[in-house]
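Participant: Residue-level listing of the chains:
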Amino acid sequence: MILTLIAIPILMALLNLGRWNLGLRRIILTIGALLMLALSAALAVRVDHQGAVTAMNGSLRVDALSAILLLTVNGAAAAAFPYSGGYLEELSVRQAIAPREIRRFSILLPLFALMTTLVPLLNNLGLVWGAMEAATLAAVFLVAFYRTEEALEAAWKFLIITSIGSLIGLVGTLVFFSAAATIAGPETYAGWTALLSLAPRLSPGAITFGFTLVAIGYGTKAGVTPMHTWMPDAYSRAPSPVCALLSGSELSCAMYIIFRYVPIAERCVGHVFLFHLLGGIGLATLLVAALFVVAQREYKRLLAYSSMEHTALMLLGVAFGGPLGLFGAIWQLMTHAFIKSAMFFGAGNILLRYGTTDMEAVKGVLSRMPVTGTLWLICTAAIVGAPPFALFGSDLSIFGSAFTHGHRVIGALTVLLLAVIYIALFYWVVRMVYGEPAPMPEDGVASRDAGVWSVAPMLCLAVLALALGLVLPGGLRHLLEASASLMR
Amino acid sequence: MAISQGATFCAVTFLITVFGVLGSARFEPCIAAYAAGSLMLGGYAILISLATGYGHLGVVAALTILVKAAAIPFILIRVVRRLGTATEGHLQIGAAVSLIIGAILTVIGYAVSGRFAPGLGSFYHSGLAAGISATLIGMAFVAMRRQALMQLLGLLICENGTLMIGLAIAPDLPLIVEFGVILDVIVAVVIFAGLALSIHEVYDTTDTARLSNLRG
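Residue numbers (the numbering used here), protein chains in the order written: chain H, 1 to 488; chain Y, 489 to 704.
It should be emphasised that the hints constitute simulated quantities derived from the structure, not laboratory data.
Hints may be right or wrong, so weigh each one.
Partner residues are not named here, just some residues of chain H that face chain Y (Cβ under 8 angstroms, in silico) [to be verified]:
1) 24
2) 52
3) 137
4) 140
5) 174
6) 403
As the structure is a prediction and not an experimental result, all values here were calculated from the model.
Think of the CB as a built atom: it goes at the ideal place given N, C-alpha and C, for glycine as much as any other residue.
Turn these sequences into a full structure, and let the hints steer you where they fit.
Facilitator: Here is the structure:
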């Protein structure tokens, strides 16, 4: 089953090598992504029933935490792939895109999905690094898709800053390797599980250093301060389905890798170190996100800073620790990926109609695009963690963990900064959604709401966010709890 | 003894090539210095392989020399030729200042190398210290240069430094990991080069100072 999961995106990429029209590519991408999601779900059920599943002599391994990430990345992809088809179609009505560009886009998309699927599957920290880096490389041309000055600038910044981040992460990985090598043979320490069992005997000095590098290095891809500067640029200039994948899949993968290192560091050097490091990084990131959300003028950049805020919350959840904090962090990882993807879909639909990312210039979305506008408003409520949406539960778990572990000041500060971000986010979105729309040329394209392919993925994700907030299925809850206990 | 001296020689020469890149304003000497540094990295891998008996390091050395001392410099030289004279490096931060920054980072590299992997034999220490210094200098180089290709060279130096650290502190790293890293690097270079050419097409320069539309 694991090997089939890897084969599907490869097959999708190969099929898209052909010179088909967009309609066929869209069907290939949609069916492939849905199959990947179905297989991930089947794997998750199996892990829930019988524990970790392995393949290829243990080189590939799925446990509860990797099952959660598989569901997350493939859930986001299952929405983003059909949306991409709709987005490209609407885009080609408005401006000329060479078939070559569409072909490259639809080949790179499944390759990106392949890499983000390999990250949770691989049971070797070195290879996980390779898969993460390859995902970034696949994303570069997706970010540069429009080939405008700004798109190229964003892609260049993305490449340079995340490459430095990943080299920092690689040095951190090497430090873990070397710490393990000094007490065990070369064959035994390559996997997460083996490294975890060695953790109490590793050199605390080396692990302190290595984990700091890992947190900053992989954190770069998740937008931690001060390595976040690529994020608003890439998110604002990349096509919206790519933003959804960067925020839904790549960010989640980076956080997952940090989560994997957490129990190793905790067993070796104790929780106080983790609290100081991740708490410090998380709080600084949250502060920067709050400042920029308040001062923001472009809605896609607004969403980028909102992603930073969620990265910060996940780190804070781990820093506060305990079953509640870890559960909250993992739950946040999953739900954020879904809802933020839906937000980017909405942003894409709006951008295609209004032709600008300037929030002052976008008014009356609800009256011009009733379906997109309504869904976008609902998704905004979901992303700020309003009850009854799923993010409400994860936010509450993280706050609960802060106060039960006696971190009152930091907990209160977190709540305060979140309140600022949420109020600002809502203020901007409400201003865009309501109000009188500026007169637009009635060319038959600009005046219509987005098509089914552009709206249905958004609707599915919004319904999912609501349903998961109302009822958390027993199996999923069990997997989340098992993941949280894997991180201790 | 001879192997140990050889390893130190490779590590030190590797660091000197990094300074060679740091002190030059023109692309081609920079690329040549990078190729020479990669050769020294390959030599270091061979010596570690001889000293430890890890046969797979021989493969790592061969791959390093083939990819980093030959293929990547070849690609880079071709990109430079295609871009023509418009891309002659113009230094924002002069060679002298760059070299001083490099010297400071080298001192830092040697100072922190003890903390990195405590209890490491002196045999590996030269490689570790040179690796950390090169990684730091590479990062500084990316920040100090504005030319897209120069920034790429900075990243490549950084990556060479990382590999040197890896050879010094984790020589028994599984081959597949090293293979993955090298594969990532070559893909990255191709993507970088493609992007640099696109930037040149759109902006008529690869000076990244022109890339300043996105703020805040």
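Participant: Taking the closest Cβ pair, is residue 403 of chain H under 8 angstroms from chain Y?
Facilitator: Since chain Y brings no Cβ nearer than about 34 angstroms to residue 403 of chain H, farther than 8 angstroms, the hint is violated.
Participant: Does residue 52 of chain H pass the interface check with chain Y, least Cβ-Cβ distance below 8 angstroms?
Facilitator: violated, 21 angstroms
Participant: Grab the minimum C-beta distance from residue 174 of chain H to chain Y and call the hint holds if it beats 8 angstroms, violated otherwise.
Facilitator: holds, 5 angstroms
Participant: Hint residue 137 of chain H vs chain Y: min CB-CB distance below 8 angstroms?
Facilitator: holds, 5 angstroms
Participant: For the hint on residue 140 of chain H, does the least C-beta distance to chain Y fall short of 8 angstroms?
Facilitator: holds, 5 angstroms
Participant: For the restraint on residue 24 of chain H, tell me whether the closest CB of chain Y is nearer than 8 angstroms.
Facilitator: violated, 27 angstroms
Violation of the numbered hints given earlier is confined to hints 1, 2 and 6; the remaining hints are satisfied by the structure.
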